[in-house]
Amino acid sequence: MGIPYSYSFRNLWTRRLTTLLTASGMGLVVFVFAATLMLAEGLRQTLVQTGSPDNVVVLRKASNSEVQSGVERAQASLLESQPEVAIGPDGAPLLAKEMVVLINLRKRKGNAPANVVIRGVTATSLQLRPAIRLKDGRMPRPGSAEVIAGESIARRFKGGGMGETLRFGMRDWRVVGVFDAGATGFSSEIWGDSDQMMQAFRRQAYSSIIFRLRDPSGFDAYKARVEGDPRLTVEAKRETQYYLDQSEAMAKFLRILGMVLTIVFSIGAVIGATITMYAAVANRVTEIGTLRALGFQRKSILSAFIMEALLLGLCGGVLGVGAASFMQLITISTMNWASFSELAFSFTLTFGIVWKSLLFSLIMGLVGGALPAVRASRMNIVEALRAT
Amino acid sequence: MFMLKYILRNLFRHKLRSILTVVGVAVAVLAFGLLRTLVGLWYSGAEHASDTRLVTRNAISLIFPLPISYLERIRGVPGVTSVSYGNWFGGVYIEEKNFFANYAVEPRSYLNLYPEFILTPKEQNDFFLDRKGCIVGERLARTYGWKVGDLITLKGTIFPGQWEFALRGIFRGAEKATEERMLLFHWNYLNESLRQTMPRRADQAGFFIIGVKKPEAASEVSLAVDSMFKNSLAETLTETERAFQMGFVSMTEAIMVAIQIVSYMVIAIIMVVAANTMAMTARERIGEYATLKTLGFKAGHLAGLIFGESVAISLLGGLLGVAATFPAASWIEAELAQYFPYFSVSVETMLLELSAALIVGVVSGIFPTWRGATIRIADGLKRIG
Numbered sequence: 001m002g003i004p005y006s007y008s009f010r011n012l013w014t015r016r017l018t019t020l021l022t023a024s025g026m027g028l029v030v031f032v033f034a035a036t037l038m039l040a041e042g043l044r045q046t047l048v049q050t051g052s053p054d055n056v057v058v059l060r061k062a063s064n065s066e067v068q069s070g071v072e073r074a075q076a077s078l079l080e081s082q083p084e085v086a087i088g089p090d091g092a093p094l095l096a097k098e099m100v101v102l103i104n105l106r107k108r109k110g111n112a113p114a115n116v117v118i119r120g121v122t123a124t125s126l127q128l129r130p131a132i133r134l135k136d137g138r139m140p141r142p143g144s145a146e147v148i149a150g151e152s153i154a155r156r157f158k159g160g161g162m163g164e165t166l167r168f169g170m171r172d173w174r175v176v177g178v179f180d181a182g183a184t185g186f187s188s189e190i191w192g193d194s195d196q197m198m199q200a201f202r203r204q205a206y207s208s209i210i211f212r213l214r215d216p217s218g219f220d221a222y223k224a225r226v227e228g229d230p231r232l233t234v235e236a237k238r239e240t241q242y243y244l245d246q247s248e249a250m251a252k253f254l255r256i257l258g259m260v261l262t263i264v265f266s267i268g269a270v271i272g273a274t275i276t277m278y279a280a281v282a283n284r285v286t287e288i289g290t291l292r293a294l295g296f297q298r299k300s301i302l303s304a305f306i307m308e309a310l311l312l313g314l315c316g317g318v319l320g321v322g323a324a325s326f327m328q329l330i331t332i333s334t335m336n337w338a339s340f341s342e343l344a345f346s347f348t349l350t351f352g353i354v355w356k357s358l359l360f361s362l363i364m365g366l367v368g369g370a371l372p373a374v375r376a377s378r379m380n381i382v383e384a385l386r387a388t
Numbered sequence: 001m002f003m004l005k006y007i008l009r010n011l012f013r014h015k016l017r018s019i020l021t022v023v024g025v026a027v028a029v030l031a032f033g034l035l036r037t038l039v040g041l042w043y044s045g046a047e048h049a050s051d052t053r054l055v056t057r058n059a060i061s062l063i064f065p066l067p068i069s070y071l072e073r074i075r076g077v078p079g080v081t082s083v084s085y086g087n088w089f090g091g092v093y094i095e096e097k098n099f100f101a102n103y104a105v106e107p108r109s110y111l112n113l114y115p116e117f118i119l120t121p122k123e124q125n126d127f128f129l130d131r132k133g134c135i136v137g138e139r140l141a142r143t144y145g146w147k148v149g150d151l152i153t154l155k156g157t158i159f160p161g162q163w164e165f166a167l168r169g170i171f172r173g174a175e176k177a178t179e180e181r182m183l184l185f186h187w188n189y190l191n192e193s194l195r196q197t198m199p200r201r202a203d204q205a206g207f208f209i210i211g212v213k214k215p216e217a218a219s220e221v222s223l224a225v226d227s228m229f230k231n232s233l234a235e236t237l238t239e240t241e242r243a244f245q246m247g248f249v250s251m252t253e254a255i256m257v258a259i260q261i262v263s264y265m266v267i268a269i270i271m272v273v274a275a276n277t278m279a280m281t282a283r284e285r286i287g288e289y290a291t292l293k294t295l296g297f298k299a300g301h302l303a304g305l306i307f308g309e310s311v312a313i314s315l316l317g318g319l320l321g322v323a324a325t326f327p328a329a330s331w332i333e334a335e336l337a338q339y340f341p342y343f344s345v346s347v348e349t350m351l352l353e354l355s356a357a358l359i360v361g362v363v364s365g366i367f368p369t370w371r372g373a374t375i376r377i378a379d380g381l382k383r384i385g
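From first to last, the protein sequence lines are chains L and F.
Start counting the first sequence at 1; every next residue gets the next number (this note's numbering).
Start counting the second sequence at 1; every next residue gets the next number (this note's numbering).
Calculated from the structure, these hints are not laboratory results.
One should not assume that every hint holds.
Claimed, not checked - Examples of chain L residues toward chain F, derived with CB under 10 Å:
| id | residue |
| --- | --- |
| 1 | 64 |
| 2 | 67 |
| 3 | 110 |
| 4 | 113 |
C-beta: ideal position from N, C-alpha, C; glycine also.
In isolation and in its complexed conformation, chain L is listed as follows (with noise of 0.2 Å):
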């Protein structure tokens, strides 16, 4: 027959302070766990969902970003003919020539400068952007030089408010709304008039085509034969993809800083769990004795102790996890280097960085206690007796 856990649970409570600072001590590392995966889970959906499967990025062969990359006026009107580009309601192509370009902008909050995308977009690019709400004021006109800015610029950035300036291209741009792309990369983003930009930016080439494909599966198709085009010197990727590729770099440099960060703090953690488990059980050596004496068996004991470690580890695993879940209210914004320019993110907590930060408490609990569980049930019962 096994000890009861009620055994295990009790002992845990009787030295309340010491199973706290322990808990606490794993709780700390899984906060640290967590959150690094939550970063890394947040920047991955912050792009993810930027782009849609349906929708394909032409960009200048080779580039690796929009801001890198030039579409000749003549290679765009190629691309505007493809039988794969899908017809709007209005029965023009859904497809929108876009200009990218990065200007220097500089912070509400401390004046540091950033880089920020401005995207000269066509009435199209709202269609192909579903996400895409505008929250505030109007879309700018055609033909004028207003501006419509993410939600985030507008919140951090000098002149990106409603109603207030930005000076670029020796000419003053009003901003007259603000628009609202959920948890996208669009967010970063201030938009006008492609025409106006060009002008503006004196500029003879487009930065990229996109369009939505008119039947989702025709996009490898289509692939091969623009990338094979002569005339063309493009290369098309899905919108998704495009996506994914530019969070590359920085989700790799955020794992790996997660990872060994993760594995030196848990050291500590578990040392700490070691030593509680060490003292519980030297403090119980004549109770163990006395249990043995009774008839419960090496293995019991063993588990008992196991038990505990792992109701330890739980414990801290669960305080870590809910002062991770407030990480949530924070939004990180850096520069993304393979942009190259500024994006804002958040933490974000999923039910698979849940379940994969308690099982890591709960291993850190095992690795901690097992040890000191070990040479509780190896104990000699006459000696255990004896002993004061």
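Please arrange chain F on chain L, whose structure you already have, making use of the hints.
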């Protein structure tokens, strides 16, 4: 003396527990030191930037170029000693993951402005004479096994095409902190090719580097340059090299702040572990403390005893951690050479490590000390276990 001996004896009463705590503190201190060094490295580029060099770029943002005709006008500004120019080339060697900086620059004036790139006179001359020549830093050459005379092909991401360069020299950094993962080639090579393939993009420079006589002249010169091009098609922004680098650093600052927070968190974690050890120790010895009090020892003696043990454990761990920092840093320097130009631990970091250990010792000693010092003799003696 007696107290010291007592503290030492106490330390070894629970050998395993003390050792585990010491190791825990050592690991935490080590992690703390390495993280702080990493953050320091992030800012080292800006810290080592020269005061007498200014960077002029397009005011809109870095991706917009400036006409090369600005060169002579900048040269005429009083206080300017020499001017060089170049472009961020953004070429990729074979695969995207082989990232390193590559610039198209005007070689003579550029190397004149950057005396920290050391080449032999022969290599320098070979590079100047060969328009398709390039030079790379020693570290980069070692990474890819390049030798002088090799042909290196880069795939252009900003300037399309396959670009071939002949390696004419391998430069050494004058200081440890000098960036050596870099490839430099002739701006003329880029420009001549652009004239043929994309005339619209030719005759433009991404940046101008301006050398000034003395650091005090920097602000005057940058104002003079920027006002000269005010209200033109390409307005300029001139700042010191340090400010320019700091601009980059501050864009990724959020990540560095996170690492800094984490480096303090590791200390917090170990503080909890150490506090736990001391709390357990004190609880087990409550009876002893009562006995000592009965014998006439005052609360102060007991406080010193407990506090001393706590600080001794932490400092021992701290010393161990500091000692381990050096082999760890040199290992990182050897193994991760492609990410970090150097990885040396500063004296300041070591002092911080030790003070962190001391704080851990002090904080974790507070509660048990209070318990031990204030225990009433009768209660202490009555307590079992």
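Verification of the hints:
The interface hint given for residue 64(L) holds, since its Cβ lies 6 Å from the closest Cβ of chain F, which is under the 10 Å cut-off. Because the beta carbon of residue 67(L) sits about 6 Å from the nearest beta carbon in chain F, less than 10 Å, this interface hint is met. A distance limit of 10 Å between C-beta atoms decides the matter here; for residue 110(L) the minimum to chain F is near 8 Å, and the interface restraint holds. Of the supplied interface hints, the one on residue 113(L) holds, with its beta-carbon coming within about 5 Å of a beta-carbon of chain F, less than 10 Å.
In this structure, none of the earlier numbered hints is contradicted; all agree with it.
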